[in-house]
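Use these hints to put chain B onto chain A, whose structure you have.
The chain contents come next:
2 protein chains.
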Amino acid sequence: MFFSLTPCLRLLTGRRCLLYCRSIVSENSDRRAAVDNAVSAFRSICGEDGISLGEAVREQHGKDESVHRCCPPDVVVFPRCVEEVSALAKVCHQHRLPIIPFGTGTGLEGGVGAVKGGVCFSLRNMDQVLDLHPEDFDVTVEPGVTRKALNTYLRDTGLWFPVDPGADASLCGMAATSASGTNAVRYGTMRENVVNLEVVLADGSIIHTAGKGRRPRKTSAGYNLTNLFVGSEGTLGIITKTTLRLYGIPEAMVSAVCSFPSVQEAVDSTVQILQAGVPIARIEFLDDVMIDACNRFSSLSYSVSPTLFLEFHGSEQSLEEQVSTTEDITQSNGGSDFQWARDAETRSRLWKARHDAWYAALALRPGCKAYATDVCVPLSRLPQIIVETKEDLIESRLTGPIAGHVGDGNFHCLMVVDPSDPDELHRVHLFTERLARRALAMDGTCTGEHGVGLGKQALLREEMGPLSIQVMQGLKDALDPLNLMNPGKILQQVEL
Amino acid sequence: MFFSLTPCLRLLTGRRCLLYCRSIVSENSDRRAAVDNAVSAFRSICGEDGISLGEAVREQHGKDESVHRCCPPDVVVFPRCVEEVSALAKVCHQHRLPIIPFGTGTGLEGGVGAVKGGVCFSLRNMDQVLDLHPEDFDVTVEPGVTRKALNTYLRDTGLWFPVDPGADASLCGMAATSASGTNAVRYGTMRENVVNLEVVLADGSIIHTAGKGRRPRKTSAGYNLTNLFVGSEGTLGIITKTTLRLYGIPEAMVSAVCSFPSVQEAVDSTVQILQAGVPIARIEFLDDVMIDACNRFSSLSYSVSPTLFLEFHGSEQSLEEQVSTTEDITQSNGGSDFQWARDAETRSRLWKARHDAWYAALALRPGCKAYATDVCVPLSRLPQIIVETKEDLIESRLTGPIAGHVGDGNFHCLMVVDPSDPDELHRVHLFTERLARRALAMDGTCTGEHGVGLGKQALLREEMGPLSIQVMQGLKDALDPLNLMNPGKILQQVEL
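Protein chains in written order, with the UniProt record's numbering: chain A, 1 to 496; chain B, 1 to 496.
If we strip away everything but chain A, and leave its shape as in the complex, we get:
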């Protein structure tokens, strides 16, 4: 029998998640005993400094940047290499203890919460950039390497890794959650940019999804294991290395901003820009509420209307043409105040509103917390869903300025919520479920880039249908028959 978690409410209000599962040590007393037995083995694997039972450390590893409540693990381990990860996993396997991988904790759907207790594998000590091959446009990194650290490392090579979810996340964590962000319209998401993964499975065995050390730019050799683990949110294995595609740093960049009379005109412009073959690098949408918040927060004076923030990458000459074509398209759709800039400082100033959107939203209601919804629909459905969502926000008496990766049809309401107000939390929960169902009714998905985590298991079931969920469960059972890997995420648990 399946049941809904309705996590927003439960997690925000601190109610205990009721999870049932088949194989892990689920009784608290039994689990504590198993942890006690395992701890000395953990110590012998990664040393005295490689393990922590302290409350503060456990609390710190029990939550991400979302509003999902903290679920601390029983113990945190800090392996230094894949062999240690494997050895630790074998101990967990032997004692039937849950394993929860932890990168930087910048997730947005509660993916690191130890809802069944168990062992958090913090991978921060594995922070080496390995095997850079500039001429092959690829690099391999350990899970402690963040995207900013990688790009700093690559600084003098003429190469960069463009996937940018905003946070300075671990690249292996980005692979685990199938992250994307503002550059996806041109460079793709993690799905298109991961070439190979090293993964430790629940029983401690180490596999390489495309074969050890392999890094061809394309392959049709057997089942695509790489993309099975990308987006698996730690529920199938621990990603201990990822090989990534790199790109040449563009010769030049131009940023631009343009206001529109309505969402429809902003989206129409986006479709026409893509159809014209403009290789746009970023095309971000902010609604009037978001722009107003940004104006207040950063003392800007943008027109309070639907706005596109754009970025173009290319040669000096091609940029002129890209900007000119784009300006023509925006003007023919009623766009006004088209501003653009080439030098880094002015570009940064122009995009300030977009970069500060999260903080600008928070500043609307000091003392509140933020929760970002995340749906994605076909481009043509964006105007309708945004208009309906804005009406719903007003009717629900909620604050949720909208920012979106409009080139992908992906957008977020940055919900600003008073966590001490149960009535408001209830309204937020109902609103986010309606928003996701609105996306599903428009051929879209309940999550474009944040993942399912704790929050969207019931919605995933609605999105996929029972048979596809059965297939997913079959894959999970094949790879993790004891349900040790990050239990309670993505798939709902079956009650015995």
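Treat the hints as calculated values from the structure; they're not laboratory data.
Copies of the same chain are indistinguishable here, so a pair counts whether it falls within one copy or spans any two.
Below are the BS3-like pairs computed for lysine-lysine, each with C-alpha atoms no more than 27 Å apart in a straight line:
(1) K63 / K476
(2) K369 / K148
(3) K212 / K476
(4) K369 / K390
(5) K476 / K90
Showing chain B alone in chain A's frame:
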């Protein structure tokens, strides 16, 4: 216990493949009885015209365009809709009969051979283009729709589907084999361009890998089932619909050709073109032997040396810059005879050698058959592997001109083989195994785009390692526990 198929030899010489499997009706007499029992059920599902037991039709469906020997199915069915596919699959499931999906039969690794007999599902009667959404850049097609048919259908929309493996293959078949081809360097392979699949599983159940009717441009909702079925070569289910990404037809195109003193200089140029951010649409390599063959076949006069064929897509203005940058790069690497053309007729003439490469290779030895190898390595390893491979060809006394999608590190030897010469066949077999192992030793793959099929099961095992193969086998067992779906492909069979 696993054993090697060494298929090149066995299939070319007509020796029976010895396959053992666990659940399908494997004894010929038992299987014939099962087929006899199933036939009336098949007839009641798809009518008298929807089933064929004739030898000619069965032979036609027992082989693809490779040199793998014909393995005819016991019966061919021609369903007209997914419901019929599902009903037919249920009958097969009930009678434990193998199911082999058949698109256009243009595969190159023997993927349609009924090595365990069974029922071929020819999907040619399901040939509708469905649900075109021009403003969302997506379309859904049935498995009888080929890539040329789709692009003809799209003619007046300003959109096209760019993945081009050469053959006019079924788009669902291209999804099943993870096809790519000449445009992949810019537009990606099928992996990047399939948004959703409708699949009939071995038990007849119908699933949608991204949820029914869904078509967001990106998603992180649960396990990536879409990319599990892309490249699964009919071994996990029958693809009955695929939703594809479309692109705006470029405003203009330019083709170019350039000769180089050595493979190294041609590859160095490729790396520098990519690093410079030139959004090259095609960059194809032909070696001196291939160029010589093309010159003879098409009365051309290209310099008999390593040659790049290039194609640029974009606006008129951007093309000028792309061509100019590329010409500078090729010249700085010793490239000569840089020719380029903008109008369709001259472009076609310029690229004639590349387009006719297959026939030019065959014309080297009239009466012979062609067999295309298919390996892919990191770009920087291309010069070494091509040089070593050319030496090997000479030492092995074999004819195998080389053509490659050099932007991806993927290349083919177009082996021209006398099928009546067992010694030559033996040398071809040993050569192709050495070539694949050379690619594996250079961090590459034994197949970039043709798939594993019958020919590369042992090589796949070497490429992935035993643990990753176990994971693949676990996924296969989870989705097709009776091993009914296209048995004998991708994974080697376990002997009881």
